[in-house]
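Novice: Sequence:
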Amino acid sequence: MHGWVEDQRWTLARVAELIHRLFGHRYTQRGVSYLLHRLGWSPQVPAHRAVERDEQAVESGGGRSSGRG
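As numbered in my numbering, residues 2 to 70 make up the sequence shown, in order.
Calculated directly from the structure, the hints in this document are not laboratory data.
No residue lacks a Cβ here, since even glycine has one placed at the ideal position from N, Cα and C.
Don't take each hint at face value.
[To be verified] Pairwise CB distance ranges, derived in the manner of DEER restraints:
#1 GLN57 <-> ARG27: 45 to 53 Å
#2 ILE20 <-> GLU60: 13 to 21 Å
#3 GLN57 <-> HIS21: 40 to 48 Å
#4 SER61 <-> ARG22: 42 to 50 Å
#5 SER61 <-> SER34: 34 to 42 Å
#6 ALA14 <-> GLN57: 22 to 30 Å
#7 ALA48 <-> ALA14: 18 to 26 Å
#8 GLY25 <-> SER61: 17 to 25 Å
#9 GLU7 <-> ARG39: 38 to 46 Å
#10 GLN57 <-> LEU23: 38 to 46 Å
#11 GLU60 <-> LEU40: 31 to 39 Å
Hey, can you work out the whole structure from these sequences and the hints?
Specialist: The structure is reproduced here in structure tokens:
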């Protein structure tokens, strides 16, 4: 996707580079952050999954408690 194969995260630097590639305009990372905020986009962190995660236990609600509640 747009030349980044190592991961699929959209960093401010990558968004700035894509804007430059598509529109020929350069933005600083702060400028990209401001632009995305004005467009209603917010930063998000991908959820990490454990490699050894037990899908069956997750679906049934089994396993350790989060301590909340």
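Novice: State for each hint whether it applies.
Specialist: A quick look at each hint next to the structure:
no., hint, in the structure
1, GLN57 <-> ARG27: 45 to 53 Å, "holds (50 Å)"
2, ILE20 <-> GLU60: 13 to 21 Å, "violated (41 Å)"
3, GLN57 <-> HIS21: 40 to 48 Å, "holds (46 Å)"
4, SER61 <-> ARG22: 42 to 50 Å, "holds (46 Å)"
5, SER61 <-> SER34: 34 to 42 Å, "holds (41 Å)"
6, ALA14 <-> GLN57: 22 to 30 Å, "violated (40 Å)"
7, ALA48 <-> ALA14: 18 to 26 Å, "holds (22 Å)"
8, GLY25 <-> SER61: 17 to 25 Å, "violated (53 Å)"
9, GLU7 <-> ARG39: 38 to 46 Å, "violated (29 Å)"
10, GLN57 <-> LEU23: 38 to 46 Å, "holds (44 Å)"
11, GLU60 <-> LEU40: 31 to 39 Å, "holds (36 Å)"
Violated hints, in rising order: 2, 6, 8, 9; the structure is consistent with all others.
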